[in-house]
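Enquirer: Let's have the full structure, built from the sequences with the hints guiding it.
Residue numbers (the numbering used here), protein chains in the order written: chain A, 1 to 291; chain B, 1 to 291.
What the hints contain is simulated information worked out from the structure, not anything from laboratory work.
Think of the CB as a built atom: it goes at the ideal place given N, C-alpha and C, for glycine as much as any other residue.
A hint or two may mislead.
Unchecked claim - Each computed EDC-like pair below joins lysine to aspartate or glutamate, with the alpha-carbon atoms no more than 20 Å apart:
#  : chain 1 : residue 1 : chain 2 : residue 2
1  : B       : Lys69     : B       : Asp245
2  : A       : Lys154    : A       : Glu215
3  : A       : Lys69     : A       : Glu113
4  : B       : Lys154    : B       : Glu257
5  : A       : Lys163    : A       : Asp251
6  : A       : Lys27     : B       : Asp20
7  : B       : Lys163    : A       : Asp13
8  : A       : Lys154    : A       : Asp245
9  : A       : Lys154    : A       : Asp185
10 : B       : Lys27     : B       : Asp172
11 : A       : Lys27     : B       : Asp172
12 : B       : Lys163    : B       : Glu113
13 : A       : Lys27     : A       : Asp172
14 : B       : Lys27     : A       : Asp20
15 : B       : Lys27     : A       : Asp172
16 : B       : Lys154    : B       : Glu215
17 : A       : Lys154    : A       : Asp72
18 : A       : Lys163    : B       : Asp13
Unchecked claim - Listing some non-contacts, in silico: residues in chain B with all C-beta distances to chain A over 10 Å:
#  : residue
19 : Ala21
20 : Gln48
21 : Arg50
22 : Ile51
23 : Val62
24 : Lys69
25 : Glu71
26 : Thr74
27 : Tyr76
28 : Ile125
29 : Phe151
30 : Thr180
31 : Ser191
32 : Arg201
33 : Glu226
34 : Glu231
2 protein chains.
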Amino acid sequence: MSVTRAALERLPDAVQRRADAWRAAGKQIALVPTMGALHEGHTTLMRQARIQADVLVASVFVNPTQFGKGEDFTRYPRPLERDVQMASEAGVDLVFAPEPGTMYPAGYATFIEVEGITAVLEGAIRPGHFRGVATIVTKLLNIVKPHMAFFGQKDAQQVAVIKRMVSDLNIDCRLMIVPTVREADGLALSSRNTYLTPQQRREAPVLYRSLQVAERRIREGNADAEGVVEEMRALISTSSSGAIDYFSVADAETLQEIRGRVPACGILVSLAVRFGATRLIDNILIPGLHT
Amino acid sequence: MSVTRAALERLPDAVQRRADAWRAAGKQIALVPTMGALHEGHTTLMRQARIQADVLVASVFVNPTQFGKGEDFTRYPRPLERDVQMASEAGVDLVFAPEPGTMYPAGYATFIEVEGITAVLEGAIRPGHFRGVATIVTKLLNIVKPHMAFFGQKDAQQVAVIKRMVSDLNIDCRLMIVPTVREADGLALSSRNTYLTPQQRREAPVLYRSLQVAERRIREGNADAEGVVEEMRALISTSSSGAIDYFSVADAETLQEIRGRVPACGILVSLAVRFGATRLIDNILIPGLHT
Numbered sequence: 001m002s003v004t005r006a007a008l009e010r011l012p013d014a015v016q017r018r019a020d021a022w023r024a025a026g027k028q029i030a031l032v033p034t035m036g037a038l039h040e041g042h043t044t045l046m047r048q049a050r051i052q053a054d055v056l057v058a059s060v061f062v063n064p065t066q067f068g069k070g071e072d073f074t075r076y077p078r079p080l081e082r083d084v085q086m087a088s089e090a091g092v093d094l095v096f097a098p099e100p101g102t103m104y105p106a107g108y109a110t111f112i113e114v115e116g117i118t119a120v121l122e123g124a125i126r127p128g129h130f131r132g133v134a135t136i137v138t139k140l141l142n143i144v145k146p147h148m149a150f151f152g153q154k155d156a157q158q159v160a161v162i163k164r165m166v167s168d169l170n171i172d173c174r175l176m177i178v179p180t181v182r183e184a185d186g187l188a189l190s191s192r193n194t195y196l197t198p199q200q201r202r203e204a205p206v207l208y209r210s211l212q213v214a215e216r217r218i219r220e221g222n223a224d225a226e227g228v229v230e231e232m233r234a235l236i237s238t239s240s241s242g243a244i245d246y247f248s249v250a251d252a253e254t255l256q257e258i259r260g261r262v263p264a265c266g267i268l269v270s271l272a273v274r275f276g277a278t279r280l281i282d283n284i285l286i287p288g289l290h291t
Numbered sequence: 001m002s003v004t005r006a007a008l009e010r011l012p013d014a015v016q017r018r019a020d021a022w023r024a025a026g027k028q029i030a031l032v033p034t035m036g037a038l039h040e041g042h043t044t045l046m047r048q049a050r051i052q053a054d055v056l057v058a059s060v061f062v063n064p065t066q067f068g069k070g071e072d073f074t075r076y077p078r079p080l081e082r083d084v085q086m087a088s089e090a091g092v093d094l095v096f097a098p099e100p101g102t103m104y105p106a107g108y109a110t111f112i113e114v115e116g117i118t119a120v121l122e123g124a125i126r127p128g129h130f131r132g133v134a135t136i137v138t139k140l141l142n143i144v145k146p147h148m149a150f151f152g153q154k155d156a157q158q159v160a161v162i163k164r165m166v167s168d169l170n171i172d173c174r175l176m177i178v179p180t181v182r183e184a185d186g187l188a189l190s191s192r193n194t195y196l197t198p199q200q201r202r203e204a205p206v207l208y209r210s211l212q213v214a215e216r217r218i219r220e221g222n223a224d225a226e227g228v229v230e231e232m233r234a235l236i237s238t239s240s241s242g243a244i245d246y247f248s249v250a251d252a253e254t255l256q257e258i259r260g261r262v263p264a265c266g267i268l269v270s271l272a273v274r275f276g277a278t279r280l281i282d283n284i285l286i287p288g289l290h291t
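Expert: Written out as structure tokens, the structure is:
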């Protein structure tokens, strides 16, 4: 089967002119923002978006402002040709892949801070990360002007931060959150999985197993947050070489940590574990009224 | 002559739906953001905007996040009926006057920081002021979705901050900067002029006179920044009871203070002076290539 290759744009202005033309023609625009190194998790987002949109745009940009010092910005994979091919096969019409110097020219000075919700979990360990995420997402939404934007539940805190920001700044875009895509053994798909050694790869599925145990305890009712965390910690410590950054049982909207008895809905159970230099995150959402 | 009264909207969503309909119909939308208490300075912006736009929106919102502790947020005048009447006479089609609780609901957490340029002049004296300005302007642009937005040169640093922000965040809106409107004696129009006592009102025009002296020295060439500031300071001290917050001779784009010899273009001369509890600002822009 032949696939129409997605168009490639490098310049924000050119994308804005395309977006204006699409909107003038009454087309519904969807955006899937990515850092490239596409995998089945990304293409699942794209295929979901393809169903609902008239025009599907994917951005591919390894955003420097969301990486901390000593993180993997320079070694983050950038297989653009392969990404354009995969995006095309998933139904993307336009790939927006700007240069860093175009997105952050000399004199760049503007950043978006989402307070509170960014101070915990990933934000506590990666200071400035969500400031970079909030800033680049706002820029991408202003450039692509989508009616809807698709994000993966895999990055649960990112989802919570972007929901808060889009609501707070009156950004007129529907957020569509797509469940995490997993390997057959439960490991959440991530561009960083390619960094794992074979031994680490064999151990890594314990992360999801520990989340499933936590979910079962919470859904049974009367779970104790500290007890749930202790059980997850024991399971991972005994079955892997992973070093635990955090386990969290938190309110799914505010991300405030639960103490004592855990409500049976509106809960985000999340974790971050390091295998050597590779840091993996995963989560299970137990939905509530607003999440 | 009878004037069509502008429509009044209180809710962001309702304005967004109007904006979508106007854009779908190919109309050019202009926004004049104000804090109300309209005067000839505002209506000049509106009449300028009226010429260029198909649809003219003015916002009237005394934005709490740009006022510091001890500033005049509560006593800032809010004559909404009169404002709607004046806006209507100046050609405004829609007045957007939201409630504070609509713009900043419980749990609100998102703020926009423009670094560097906000740390000097007004920003040094009013910490958080431009964070509030940048945030509310972004919200208003997202709500009204204008093709162009009009601001007065009177708030010179605000103009510089918004230019930087709109460029940095790829906000697709043209900024139109309109010269300061003045009384016959040179005093820049401001909603805060109404706070002045008759004696203070008689003294206040010395602010503009001092700026004119500075402009003359700089345009003559070979002016020395410290000398220019000293001459302004002497003029104001000897002819008024005003307490000087700052005099500044700065690069018009970066707002970095000039030391020594002053270039003859691309310069912003600005000042802030307090008359009792009333703080007045004014400036003269000596345009350069980019300003």
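Enquirer: Take the hints in turn and mark each one as holding or not.
Expert: Hints and how they fare:
no.	hint	verdict
1	Lys69/B with Asp245/B	17 Å, holds
2	Lys154/A with Glu215/A	16 Å, holds
3	Lys69/A with Glu113/A	19 Å, holds
4	Lys154/B with Glu257/B	19 Å, holds
5	Lys163/A with Asp251/A	15 Å, holds
6	Lys27/A with Asp20/B	13 Å, holds
7	Lys163/B with Asp13/A	17 Å, holds
8	Lys154/A with Asp245/A	17 Å, holds
9	Lys154/A with Asp185/A	16 Å, holds
10	Lys27/B with Asp172/B	15 Å, holds
11	Lys27/A with Asp172/B	19 Å, holds
12	Lys163/B with Glu113/B	13 Å, holds
13	Lys27/A with Asp172/A	15 Å, holds
14	Lys27/B with Asp20/A	13 Å, holds
15	Lys27/B with Asp172/A	19 Å, holds
16	Lys154/B with Glu215/B	16 Å, holds
17	Lys154/A with Asp72/A	19 Å, holds
18	Lys163/A with Asp13/B	17 Å, holds
19	Ala21	12 Å, holds
20	Gln48	24 Å, holds
21	Arg50	23 Å, holds
22	Ile51	23 Å, holds
23	Val62	18 Å, holds
24	Lys69	18 Å, holds
25	Glu71	21 Å, holds
26	Thr74	24 Å, holds
27	Tyr76	23 Å, holds
28	Ile125	20 Å, holds
29	Phe151	17 Å, holds
30	Thr180	25 Å, holds
31	Ser191	25 Å, holds
32	Arg201	38 Å, holds
33	Glu226	26 Å, holds
34	Glu231	32 Å, holds
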